[in-house]
Amino acid sequence: MLDFDNMNSDALLKRYDIVAESKEKPETIAEKHLPKDPLLRKVAEDVLYMKYKTIEESVTAALKENTPEDVIEKGLLKGMDAVSDLYGRGIYYLPHVMVSADAMDRGIKLAEKALGSGRKTKGDIVMHAAEGDPHDIGKNIAAVLLKSNGYNIIDMGKDVAVDDVVKTVVDVKPLAVTGTALMTTTMSAFPRVAEKLKENGMDLPFICAGGAVNREYVESFPMGIYAQKAANGPGLVGKALDGWDWKKIRDKWDEILASSE
Amino acid sequence: MANMKFKKMEYSSADEMVFGEAKYPLSYGLGLKVGAGSVVPEINFAPRPGTEKTPESLTKEYVEYITKDIMERAVTLGFPAIQLENEWIAQMGENPSKMAKPIVAGQKELMQKFHEEYGIACAIRHTVADPRLHEEGLRFGMDKKRDYPEKIIEGFEVAAANGADVVSIESVGGKEIADYAVVRQDIRGWLFGIGYLGSLDMEWLWPQIVEVAKKHNVVPGGDTNCAGANTAMFMAGGYLDKDIPRTFSAVTRAIAAARTLVAIECGATGPDKDCGYEGPILKAISGRPSAQEGKGAQCAHCDMMGNLIAQVCDLWSNESVEYHPEFGGSSVQCWLSVIGYEASLMNAAKQLKQDKVLRDVYVASDRFRSPEAFILAFDNAYKIGQAIVEVGDNYYLRAKAAGLKAAELIQESNKQGKLQLSAQERDTLEKILTDLRALPDEEGKFVDWALKEYANVPAFNPKNYEL
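In the order they appear, the protein sequences are chains A and B. Here the first sequence is numbered in my numbering, starting from 1 and rising by one per residue. Here the second sequence is numbered in my numbering, starting from 1001 and rising by one per residue.
Only chain B is shown next, with the shape it has when bound in the complex (with noise of 0.2 angstroms):
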């Protein structure tokens, strides 16, 4: 399937990006408008365990408890505007006409209330869940067990027809070769595994999203690379961590930039996913709308750059909480306060004309903090997607092309005495560089090798991406 592909960057300089702003900034909604001119807070929110076994008692605790919260809150601290996330858990996606469809409604229905009432900005992202199993089939016709594949057209038809705003998704493509090469610290089977299959993946996936999308006159968001990258990151975490060395995590983050950037060169018009950390380079090539999260996402892990991450973001936002009560009133009131308040900060240093002074001071805070948080840093994302589009027409060589460029950053700034590594993480480092390096300039002569060597890694099948 032929998609466009971006050849040249959207910005002229990376000095152009900041925050609240996109150059294709979009409206949608009850009156929202993203990355025109202010950030909007993204709040993101699971229900309490036990309120899956029945439609009426998710869709009690997604509209009456969750929803109402969340724009209470957002009414009694005066926030503009505001965007939900419903992140599909596992029984929506598994029968999304029974299970998910009231709650679309819903939520949407009590929405509308607020936003006749109080006149509040606002809409609704539903992210429809991805659970194909690579074992079964990632394609049509393939899942003879669950129909996986199909149910997720079918999830999309359902939160399109009766609410949603935004769609996305967190597609899982690639995920196996992924899994398999990061515990073996194998930055080639990384590169097969999300670089390359994953963009067929995507390839195959986003059209029909787009077109789903289009039927019901909803915007197509965008992917990340969760399923990937993150699992890297997450891996890598912090200095009491030992599991997965943070340089490597910061390479795969350069490559998932490659692979989440088709859903937009297969139609998606942002905003992109907010645990997307890839975002900043996405938004570079593309000019579109990024939602981020970082130090308002605690309540869902920890990263190393909770500030940084906010630097060129147009929804900002807390990634995802349990519901549950807290001292200063649900947890989704007190985590939309956390991400409010932020977004306010922003808002507030875009009136006074000192976004890129704030934007510069958030980078500082975590720019050295971690090799990923380096290589993410909107200078850094820059050259990373300059590198893509030099070789944007093919995913092979532009994933291979963005996980070098943020391997010589590290290791430039290293050289230089900024970024400091760990003795683990300098030696992945020289490691990662001699790998890629040696690949070869070929996609078939990459391609070829990687189904020999990667034959075996359990529940891969190449008729997953039609290989």
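For reference, chain A alone in the conformation it holds in the complex (with noise of 0.2 angstroms):
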């Protein structure tokens, strides 16, 4: 065996991450977004820094001296709003987001209780893994980040039926609907939906993405918005809260993805 620890590997590979690596420390970037009121502050910053655990003793003593609709925008999403930042930095990775998000999740139920009602989201979005795949990982974190950012999910799981997915999104009638698929194979379910949910006069965007598929075969049929990562999720939804149709979306999908870098 070669001596492998005295090799110089300088001239193999270059760490880029590491030269890349920022230099801001969190607590700075995260200040713009915290609020002022100390009892509010600390629901956002329970959110920021991960403490599930002790947010639903941070958000019953904020609803003491705060509205609940207070407490959920000026505290817990504003907290969101500071990961989301962060995220988009490079600074936190996604497992930051996922565990902030179920922090910020057990805080909007216990104000939502005492809201007496669900709170107003800003609209539905039906989401799916395609028929035969059972693969739904990227889904649940796109799922996630739209929750985060105001949308109620509708999840209807993986390897769901054509005629389901189309069956849902004639009831709910959301602002958008997903497909997730692995599988090149798989992804053919995805021109069969947008045909059924002509046939049925649905006309909105339809958003699709997973390791096989590609935003060439995604436009190949009406409605289908390709989104590269989860991480694009609330930026195209968010022109459908605007309402634009699937057609402008589609023509304007390079510049909403560069805008929402």
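Think of the hints as simulated: they come from the structure by calculation, not from any bench. Every residue, glycine too, gets a C-beta built ideally from N, C-alpha and C. A portion of the hints provided could be inaccurate.
As the list claims (entries may be wrong) - Here are the simulated lysine-lysine pairs, DSSO-like style, with alpha carbons at most 30 angstroms apart:
| # | chain 1 | residue 1 | chain 2 | residue 2 |
| --- | --- | --- | --- | --- |
| 1 | A | K23 | B | K1418 |
| 2 | A | K147 | B | K1431 |
| 3 | B | K1151 | A | K167 |
| 4 | B | K1445 | A | K53 |
| 5 | A | K196 | B | K1053 |
| 6 | B | K1215 | B | K1007 |
What the hints assert, rightly or not - Have a look at the derived ranges for each label pair, beta carbon to beta carbon:
| # | chain 1 | residue 1 | chain 2 | residue 2 | range |
| --- | --- | --- | --- | --- | --- |
| 7 | A | K247 | B | K1214 | 55 to 61 angstroms |
| 8 | A | K64 | B | F1140 | 53 to 59 angstroms |
| 9 | B | K1452 | A | T60 | 39 to 45 angstroms |
| 10 | B | R1426 | A | P38 | 32 to 38 angstroms |
| 11 | A | D163 | B | G1417 | 55 to 61 angstroms |
| 12 | A | K113 | B | P1325 | 41 to 47 angstroms |
| 13 | B | F1140 | A | G118 | 38 to 44 angstroms |
| 14 | B | R1048 | A | D163 | 40 to 46 angstroms |
| 15 | B | E1211 | A | S117 | 54 to 60 angstroms |
| 16 | A | K247 | B | Q1298 | 34 to 40 angstroms |
| 17 | A | K252 | B | D1441 | 55 to 61 angstroms |
| 18 | A | T121 | B | T1054 | 39 to 45 angstroms |
| 19 | B | D1448 | A | D37 | 41 to 47 angstroms |
| 20 | B | E1064 | A | L2 | 43 to 49 angstroms |
Hints given; two lone chains; assemble the complex.
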């Protein structure tokens, strides 16, 4: 066996991730998102620092002096805004977002209880993994990101039959429907979904993503909008919320992604 | 169900391992020898979207286009031996008798013709799909909607009876917990999902696969933790990716080795699956032939150990490529050329008795490219194997030992200034070490804790594992 430890590996590889490591402190970046009120700030910080075990205590305290709406809007969601900012800058990794979202979820449930009803969301999104496809981790990540951005998620799960997707979309009439597929032979369910949606008079963005899925394929059928990764979801759905139809979203796709990077 | 468990290493030292040689070589198919002194290219493929619509169109795609192209290119370039792998698409697993049977038979018939005409040694592996849904049930009689558990066994019967030489699977036990844990950077959850639940699922599944294989006199190859450790590895990605720290994925790989080993303990003989990057650890423990993939699989995915992972392989694979035209022929022909020439390089090194030099050069190329490459370098893979067999008779303890050893190896090299880590990778590593060291020594205590901790994970049903 050769002596690997005494080899100079600088000629073989360069750790660009270390070269590009952010020197900014998370606290400094987060500060601009955090509220001044100490109780709401504690709620936001629990989300920011992933303290899902103490958040219920913080939310309960904040609810004594704030309305449930303010605890959600000015506390929980502000904390999540800081998390999204840190994630966007590459300082936070995906697990930070997921655990922060878990914490936010617990807080929202408690605030909603005080509210006496569900909070008003930005709109419904129907999500599924394609018929025949058991891989849904990407869909689950996208669901968390969309939920954290204020949307109501109707998660149909994995290996969902084309007809079931269509029926749910027709019943719910969501802002958008999403589909994910890892394999080229399961993504063929997407054009069938699109075709049947059209037959049923539906005309909405059908956001498709996944390992084998590519932009050219998704844009080959009506309503298809490609997403490269889960983090593209809020940017694309945001345009549907602004009233853009799928044709305009598809047309301005590069600009939307560039502005949400 | 009792099965043997490895308590000692089949290799007496790491340096004993090299590509193209296994302690327990195999002969199967149409004159193919694996792990018997040479490396064999294993070409894998996927049909074009749309061809799955009917049995006729899919059979034509697999047999008349894909298999014919492959065999012609192998003969054109003078490759002495080749293995094909057909990873079943969902439609084949859904209806094996209708969709898969004509393909399995047709591929073998065509390979037989080439074998007879040119004497090329060849064989085909069929990897039956595991479409089981955790929320519906992993065991027989549980999935009332689709009968997926039953369909897996039906698939193996169809494959083994109609032309497969090797049968394999990428089983998904424990994936529901692993998927939940990987995005939360929760190593204890991942250990529970893959190290413990995944092992229990394989202990149920693999004796049945071995039984079918024996009945039809075909080789029960092996498994892979594609569903778990590869998910972590691909999410960890390269230097531009920020989803999962690479120290996390490295530790999941070591844990996965303790789980994928169960196939061999239940009677699988190798070669294990190409996408199981835990293969070097399995080979160090079991001495069974190993299929691996790296730089010749860039058609399917990018990894951080394209050269290193060839170090101790017996089959060298391209993972998978969709059939389509390229300038140099069809995609399967081009990628067969890539992996076939690499196998030829390895075999030339063997003939010149320079194989261990080439092995070390492969390792040197990528040893410090990522923590996962580092722990899979054959010397470190061997040490992880030793940690596993030391407590080999307990699934929980050996998975924990594997993870801990991998984390310690990474930390040690980093402290010596060899393996560089980003701040995020280092923080994650420290948390992993703290979390794993805090786990109990008794399986019962761990399982009791985990059942409570993960009780609300979507799709988790302890009954899938008889818990």
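Status of the hints after comparison with the structure:
1. K23/A / K1418/B: Since the Cα atoms of K23/A and K1418/B sit roughly 23 angstroms apart, the hinted pair holds (cutoff 30 angstroms).
2. K147/A / K1431/B: Within the cut-off at roughly 28 angstroms; holds.
3. K1151/B / K167/A: 28 angstroms, holds
4. K1445/B / K53/A: Distance ~22 angstroms between K1445/B and K53/A Cα, so the pair holds.
5. K196/A / K1053/B: 17 angstroms, holds
6. K1215/B / K1007/B: 29 angstroms, holds
7. K247/A / K1214/B: 55 to 61 angstroms: 58 angstroms, holds
8. K64/A / F1140/B: 53 to 59 angstroms: For F1140/B against K64/A, whose Cβ atoms are near 54 angstroms apart, the range 53 to 59 angstroms holds.
9. K1452/B / T60/A: 39 to 45 angstroms: 24 angstroms, violated
10. R1426/B / P38/A: 32 to 38 angstroms: Once the Cβ atoms are compared, 33 angstroms apart, the range 32 to 38 angstroms for P38/A and R1426/B holds.
11. D163/A / G1417/B: 55 to 61 angstroms: 60 angstroms, holds
12. K113/A / P1325/B: 41 to 47 angstroms: 60 angstroms, violated
13. F1140/B / G118/A: 38 to 44 angstroms: 41 angstroms, holds
14. R1048/B / D163/A: 40 to 46 angstroms: Distance hint for R1048/B, D163/A is violated at roughly 25 angstroms.
15. E1211/B / S117/A: 54 to 60 angstroms: With Cβ atoms ~57 angstroms apart, the hint holds.
16. K247/A / Q1298/B: 34 to 40 angstroms: Hint holds: Cβ distance 35 angstroms, inside 34 to 40 angstroms.
17. K252/A / D1441/B: 55 to 61 angstroms: 58 angstroms, holds
18. T121/A / T1054/B: 39 to 45 angstroms: 43 angstroms, holds
19. D1448/B / D37/A: 41 to 47 angstroms: 42 angstroms, holds
20. E1064/B / L2/A: 43 to 49 angstroms: 47 angstroms, holds
In summary, the structure is inconsistent with hints 9, 12 and 14 from the numbered list given earlier, while agreeing with the others.
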